[in-house]
Amino acid sequence: MKAPDFAYMRPDSLDGVFAALAQYGDDARILAGGQTLMALQNMRLAAADVLVDINRVPDLPDIVEEPGHLLIGALVRYAALAESPLVQQHVPLLADAVPFVAHAAIRNRGTVGGSLALGDPAAEIPACMLALGAEVILSSAAGTRTIPMREFYLGLYETALRPDEVLTAVRVPKRRPGQFHAIDEIVRRRGDFALAGLAVSGVAEKGAVEAISLALFGVADRPVLATDAADLLIGKALDPAQIETAKDAVIASLDPPDDPITPPAYRRHIGGVLVQRLLGQIREKLA
Amino acid sequence: MTRAVKSVAIALKVNGENVNETVPVRRNLVDFLRADLGLTGSHVGCEHGVCGACTILVDGVIVRGCLMLAAQADGCEVETVEGADATGRIAKLQAAFHQRNALQCGFCTPAMLLTAAALLEANPAPTREEIRDQLSGNFCRCTGYQAIIDAVADAAEAGE
Amino acid sequence: MTFQAPIGSSLPRDRAKRLLAGRGRYIDDIALPRMLHLAFVRSPYPYARIVAINIAQAAAMPGVIRVVTAADLEGVVEPWRGTHNLFPDMKVPVQTALATDTARWQGEAVVAVAARSRAEAEDAAEHIVVEWAELPAVSDAAVALDPAAPVIHQDYDGNQAFTAAVSQGDPAAAFADAPHVVEREFRFNRHTGVSLETRGLVADYDPTSDRLTVHQSHQTPHQQQDLYARLLSIPEQNVRVICDDVGGAFGLKHHLYPDELAACAIAKLLGRPLKYVADRLESFLSDIHCRDHTVTARMAFDAEGRIIAMELDDLFHAGAYSQYPRSSVAEGNQIIRVSGIPYRHDHYRAETRMAYLNKPVLGHIRSVGHPIACAVTEQLVDLGARALGIDPVTMRQWNYLDDTDFPLTSMGGIALEKLSFQACLDRALERVDVDAFRAEQKTLRDAGVYRGIGFATFVDLTSIGPEYYGEGGQHISAQETCLLRLEASGGIRCYTGATDQGQGIDSGIQQVVAGVVGVPVSDVKVNSGDSELCPVGGGSWGSRGAALGGEAALRAGRELRGNILNIAGVLLQKAADSLDIRDGEIVDAESGAAHMTLDEVAAVGHFKPYMIPDDVDADLTVTARYASRGRMFLPANGLHVAIVEVDTDTGLIAFHRYLVVHDCGRLLNPMLVAEQVRGGVVQGIGGALYEEFVYDGAGALCNGTMADYLVPMAVEMPDIEVEHLETPTGTSELGAKGAGEAGTTGAFGAILNAVNDALAPFDVTLSETPLTPTRILQALGKI
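Quick note, the sequences are listed as chains A, B and C, same order.
Residue numbers for the first sequence follow the numbering used here, beginning at 192 and rising by one.
Residue numbers for the second sequence follow the numbering used here, beginning at -17 and rising by one.
Residue numbers for the third sequence follow the numbering used here, beginning at 273 and rising by one.
Heads up, some of the hints might be wrong.
Derived CB-CB ranges, DEER-like [said to hold, decoys possible]:
| hint | chain 1 | residue 1 | chain 2 | residue 2 | range |
| --- | --- | --- | --- | --- | --- |
| 1 | A | Ile338 | C | Met307 | 51 to 57 Å |
| 2 | C | Asp991 | A | Glu274 | 26 to 32 Å |
| 3 | C | Arg388 | B | Glu(-1) | 44 to 50 Å |
| 4 | C | Thr977 | A | Ala443 | 30 to 36 Å |
| 5 | C | Arg297 | A | Glu274 | 35 to 41 Å |
| 6 | B | Asn105 | A | Glu257 | 28 to 34 Å |
| 7 | C | Thr977 | A | Glu257 | 45 to 51 Å |
| 8 | B | Ala68 | C | Glu743 | 51 to 57 Å |
| 9 | C | Phe1034 | A | Pro354 | 51 to 57 Å |
| 10 | B | Ala104 | C | Asp991 | 38 to 44 Å |
| 11 | C | Gln509 | B | Asn105 | 56 to 62 Å |
| 12 | C | Arg297 | B | Glu59 | 23 to 29 Å |
Note that these hints are calculated values from the structure, not bench results.
Every residue gets a Cβ at the ideal spot worked out from N, C-alpha and C, and that includes glycine.
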């Protein structure tokens, strides 16, 4: 199918983007990497009337080191994220996550900001940002606000972004001493959206878990933090019994949406399997 | 282009040649290359970014030609299989594909070649697993992939 | 009979070089002056009455030239019925190019828009208002055959399309008395071909000469020529169908599609060229589908493990119509004919029942019915082996037909000339150390790793003979013709009725001609895929190109060679039979001494024909034909061996090894045959593990995109070892049998058996394809 007869604009500043959003409102959609939006346009699914291309907006940041954080601009592409020495050094979970994202040609074009703003429930980067305790920066003509990832997703493809706002960057805490991480997902084929996935980030101190976040993706209408399981692990050693307990807590907490191809029971089950596998891996690494 | 428009004049370089055209903004890059420039070596297999048949190079990296607008290629350098063939950049891959019969119908082949070439430029001695991973987003219904993997490995050995 | 090189050599293909340079010519690459583009409005419902169609707004939209409904095509294009006279009792409803008053599957074409661009045609299609009255859809054969079910075709009193049965011996008594009986219900879900190039055509009609030229992505140009001539009432000699490069076909592209016929009809209506290329989304909804069978089967064994009897009941969940021109009988019919073939047994009964459903039409896709027949048979053999405590290899060795049994007619009525079941297994056992695998399997199981090995013995009914479709009343050529022309410069042009969609038939035929005439392969140029230029033939489908097209090429090559030597004999004043052609030179047959070059002979033949006496056969353009007689098929055979690992936590399956031992008689080009096998295996893996159309409760498709309908991709596929045996058929001189479907035929069975072997410790058996992770975990009781 060919895309419908939409209009296109390419503002040369963030102010231009804001003006476009003000003018076109719900009819407009921001075009970043386009790796989802273009496919939807081509399929004439919920097609937008006006695409506002932000690819040449100069005032969006690249990857910037800040005290305690990395600031990652919305237009940073997956491939650049994985190749960035700053990311590899300070937020290695993100570098490890990128190979799970689709395929090389998609990773060359798809952007961090696009992935976060879309919020596909089975996507890797939103879950990683959730596990890392990142915060997104949302800008509009009225100013800039910062929202923690855990408050950003409100439902299926529903975010805290207001119609006049642009997600311009995400601020990610740098790793601390003792920090561990892991990511894995269950897919039928490499690069597919996950049937279930798990991103883990945490800190261990003297063999005990001081902090941990378990962000699951592909199992709900948005990426979700398994807080019950995390609470159970805090202050404990990652021994097999604790891992089993965490797994059970995760399974109990999941209620995946029904879908004609993959039943909820399957996603719930492999969510548990991932918890067991990744915590097992972390346990081995910590030992 | 700070106003919303339905068509746009673009200037870009395609396979080393300067191109100046006016295109409807809804036309995606691979349709532009095929229909407006006659570069029919890039193929359209799904138009939703999954099959990989439209893979081309924009500013030196492989992208899906169906997931980018022609309007977005304004000012870019685009390379298709026709260009890569003409410069000899993929000659060793082409020779290896031929010898291994790593293509049957040939519809996926131009994209396979460009995707494989991108791997060999970054990693001249890939393992079979790395080759399979690089080609993971390119659908081939004919070969079963093995001959393609063999051919890319041969080309790597020959120093593509 | 031995043949000289390059017959039997693994040469690369000529055509490949062009495709590697991006110089292929597929349908969407063609642009003709004044060409229009077509898009369709398709039924969003599986079953609905068309109350009204309003085209007013669409017709006025930019770029729109004409909006066409079924009413506009009346008198332009005839309706058709997909009958088969060997099955005279089949109910065969009338089908039309566009739905008239009722749409019977989701995706059936209802309205067509011709516009200056495809995008504008789609824009307008969105503004066509169809008022629908939805009807309750029938989407399962068991429901469809219930007398209370809604009837899909009002002309008939039920949805049962046809039944067919075969019976030999006394199966009822054999089962009653058997010491061991195993029984299973199998489910093979619906999938399709997914050629990477979708279906498409450019139809060009010139009213001043009543001439239709169709460029089409298709396997059978001559068949399409006949269909377009008849259904569009154009003299057949004025219709030309050209199939240039075809981007994959797999059986998908040897049918008549209503939307494609509508495109030709609209081209005729408008008198200007028109392009229709199905997009991927409409391909999933409108391409021919395959499989969709529920099979209940059982096998009886004596106390020692010898097979006594087999019974099978097939419920065939077909589509809304019987496909044209072949009809939809074959998949069910092949299942009841092919099951059980490799094994000696005396009692057999099999029946198929086909029901019409509100789903896309079921047709012939790579390996029609065979994967099901093979999987059912092979799983029953494994279940018998397990029940009797015999290992699967021994079970097969005991029960295979062997050399002393041939020739024979199978229980299903298939004439078997000579097959090599035992030899294939022997070769496999040279390559796979089963004892070592069993030892490793046991060790791994103790560590919680579950690997299994699966064997699947298969028979492939290749190269169908003319009687099946001839007696069926269908205009389908099952013979082949080859035309050779020696050019004045010594090169040979070859025209074949077989077609090449990438398999390499062109190369196989090129090698036959070069080998038989005695010239370098580069001196032979093969042309195919043009119903006007090429001599009549059936195209390529049903594993026929090499066997039939190759034999015709052999005959033509021999005739041309004879005429060349006749001329040379006159010029050299020697007996023609004392001469030979080697590497393009006329030589003395005994000494090999060179006498003259081929171009010298050719130049005389072309420009100095007066030098040749009238009574000497000296035609340098020759045609030869091959039509088999008195045989329905050329059965080929082989064995698949799969070793898989099942992750019992996730239900994912990974391959550790895959071997095919394959016997398709004489090999024209072993590399190309091996590549056919590999591609076929991966398509089989698609059906066995990944590919399945999922419908919701109302019969609507849930996974009609490339993201949701899973085809096999590179990372998950195994390397596939291929071993060749050669048992040539004696029914032709060349001795080749078909090869294109063998890979798919055995894959379902080998994988089912391997997975069930892996899961043996859990005492579960899976018999439904695809083997999705969900089905694995459900069988294991984990979800």
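> So the hint says 35 to 41 Å: do the beta-carbon atoms of Arg297 of chain C and Glu274 of chain A match that?
Replying inline: Since Arg297 of chain C and Glu274 of chain A have Cβ atoms about 39 Å apart, the given range 35 to 41 Å holds.
> Taking the beta carbons of Gln509 of chain C and Asn105 of chain B, is their distance inside 56 to 62 Å?
Replying inline: holds, 58 Å
>> Quick check: does the Cβ-Cβ distance between Ala68 of chain B and Glu743 of chain C fall within 51 to 57 Å?
In response: holds, 54 Å
>> Does the beta carbon distance between Asp991 of chain C and Glu274 of chain A stay inside 26 to 32 Å, or does it fall outside?
In response: Hint holds: Cβ distance 31 Å, inside 26 to 32 Å.
>> 44 to 50 Å was suggested as the range; check whether the CB atoms of Arg388 of chain C and Glu(-1) of chain B agree with it.
In response: violated, 27 Å
> Okay, Thr977 of chain C versus Glu257 of chain A on CB: inside 45 to 51 Å?
Replying inline: violated, 41 Å
> For the pair Arg297 of chain C and Glu59 of chain B, does the Cβ-Cβ distance stay inside 23 to 29 Å?
Replying inline: Holds - the Cβ-Cβ distance for Arg297 of chain C and Glu59 of chain B, about 27 Å, lies within 23 to 29 Å.
> Is it true that the C-beta distance of Phe1034 of chain C to Pro354 of chain A lies inside 51 to 57 Å, as the hint says?
Replying inline: For Pro354 of chain A against Phe1034 of chain C, whose Cβ atoms are near 54 Å apart, the range 51 to 57 Å holds.
> Cβ-Cβ distance between Ile338 of chain A and Met307 of chain C: within 51 to 57 Å?
Replying inline: Cβ of Ile338 of chain A to Cβ of Met307 of chain C: about 52 Å, so the range 51 to 57 Å holds.
> Taking 38 to 44 Å as the hint, is the beta-carbon distance of Ala104 of chain B and Asp991 of chain C inside that range?
Replying inline: violated, 24 Å
> Does 30 to 36 Å hold as the CB distance between Thr977 of chain C and Ala443 of chain A, or does it fail?
Replying inline: holds, 33 Å
> Between Asn105 of chain B and Glu257 of chain A, does the C-beta distance stay in 28 to 34 Å?
Replying inline: holds, 33 Å
Taken one by one, the earlier hints fail for this structure at numbers 3, 7 and 10, listed in ascending order.
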